[in-house]
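Chemist: Generate coordinates for the entire structure from the input sequences, incorporating the hints supplied.
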Amino acid sequence: MANDIVKPENLVYTKTKVLTDNVMHYCPGCGHGTAHRIIAEVIDEMGIQDKTVGVSPVGCSVLAYNYFDVDFQEAAHGRAPAVATAIKRLNPDTFVFTYQGDGDLAAIGTAETIHAANRGENIVMVFINNGIYGMTGGQMAPTTLVGMKSATTPYGRRVDLNGYPLRITELLATLPGTYYVTRQSVHTPANVRKAKAAVRKAFEVQRDKKGLAFVEIVSSCNSGWKMTPVQANKWMEENMFPNYPLGDIKVDGKIAEGIDANRLVVSAPLTVKQ
Amino acid sequence: MAKELKLMKGNEAIARAMIASGTDGYFGYPITPQSEVMETLMAEKPWETTGMVVLQAESELASINMVYGGAATGKKVATSSSSPGISLMCEGLTYLAGAEIPCVVMNAMRGGPGLGTIQPAQSDYFQSTKGGGHGDYQLYVMAPASVQEMYDFVFDAWDIAFKYRNPVLILTDGAIGQCMEKCYTRDYVPRWTDEERREKAPWGTWGKPANRERNIITSLELESSRQEVFNQKLQKKYAQMKEEEVRYEMLNCDDADYIFVAYGTSSRICMKSMEIARAKGLKVGLLRPITLYPFPSKQVAELAKKAKGMLCVEMSAGQMVEDVKLAANCQIPIEHYGRFGGIIPTPEEVLEAMEQKIIK
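Keeping their order, the protein sequence lines are chains A and B.
In terms of our numbering, the first sequence opens at residue 878 and continues consecutively.
In terms of our numbering, the second sequence opens at residue -4 and continues consecutively.
Calculated from the structure, these hints are not laboratory results.
If a hint is listed, it holds; no wrong ones were tucked in.
Think about it this way: if two alpha-carbon atoms lie no more than 30 Å apart in a straight line, the pair counts; the simulated DSS-like pairs of lysine-lysine are: (1) B:195 - A:928; (2) B:203 - A:1086; (3) B:267 - B:300; (4) B:1 - B:40; (5) B:195 - A:894.
Note that the structure is predicted; figures quoted are calculated from it, not measured.
Modeler: Right under this line is the structure:
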């Protein structure tokens, strides 16, 4: 009987066809599912499902290929930008995107990330930053804030012991090969809409062969942070966003309006709220 | 380039054969003694003729993973390096083997361990045939002994790589990479059209048309029972290689009492040692494994039934000798003679070793 109301004129929400029916393995409260969905919607809306090849990382989203109904490759830890480079160069008519976490993209894969960006590879890189290694059980990531607790910084990250957090997105914005660099989040409906518009823009940059498009999505990891989903979103707003400010950093190959050049040079360590 | 007789370096032959065999892409990083491969490709500019893509990567890690990405789209993608660089590529090689991606990799071996020397050696036999990376996997390993074979084996490597969906390693050394010899080039094999690729690599990831399921390239399987089934499938493939793809050359083995077993540069030295021995009235032969994996074990076992002894000559501390001993199964004495650290033995010292260790 409930199906009686499912009529085209009543339909306000449905699963995009670019996602499969597989049940996601992500923890309740995690941003991956939403990030997947907006990418899939963009692929669908641009009509490029038959031309898209995704590259998944090692980390929580290692199994991303189970959820996107497009051709997919699973890369070794950190190597997705190198993998994507060759897919795109050998198949210039395809749309290629990588989907990577902070450990994959900004620690073990730093060289591949920087060089793919600096060559101006015509690919989209989606970077999920939750400040932690989720899959292996919440160890310190390059993006873990000073003072932030993790499995390998149980008393909080210390600069003298662990070094500084890395703001790789600002760093990539300074390279001539990047054309569009932005930081978004998916923790509220308004932010989801903004993030989707950013993903759309990134794929359009690839379509127009302008260079590398980079979308960071700051995400919570309530399991790794040991909080409820609601607490984690609040903690993210209070601690992550001041250090990882949302918004466009580079647009049309130029540093975005309102971005103070000083922000591109980190002068003080990124720290949790005291 | 059509059929011609040309004088060229082994490294140059690899590069020219890649272009002529319809290779779609090459991704590399400079390292002595094989940098001429990429230098030749960059000078030839095949992207303007055959459409082949050539890119200098930021590291061997990146170049082998570019091979992974490109080859997983069903295209013919290759790289080359030398020992320290191949060590860096071993992660990529095990992923390529685990995801069953065909590709061609050339190693112009130099002496090690560590940074070692830039002079030729054959000390990566274990790395090439027994793993290198982690997990139960095998590369198909070919060992050219001349510039001509460097050229020809690239063509053969593509056939094997796609027949078995497996990486092929052309294992040579700095001497063959650097030396100049005459080489017959071949008529160009055109690069595959998209239609040919769909037919020959239906598993490739180049965009999912409406009429097929998505293709996924991965080496991950979290369910142990399924991973075991996959491992068994790989082992079956390797067993088929052992049955059907072993290559070797035998010289003067029919009446030989004493047999050299050597590959690549060492086999060239042993040919001369054999000539000197025959002139002295010693019945010496040579078994040259051309494939190091699969190894010509049956041929060693057959020869061990009638010969009196074998000397395994390698520019290493003795690696292939273990496979020769296993194959001969204690039927006759098997000894090793090796120089290493970049030293190539002389024919005279090799024959002397045969006389002292085997003939006595």
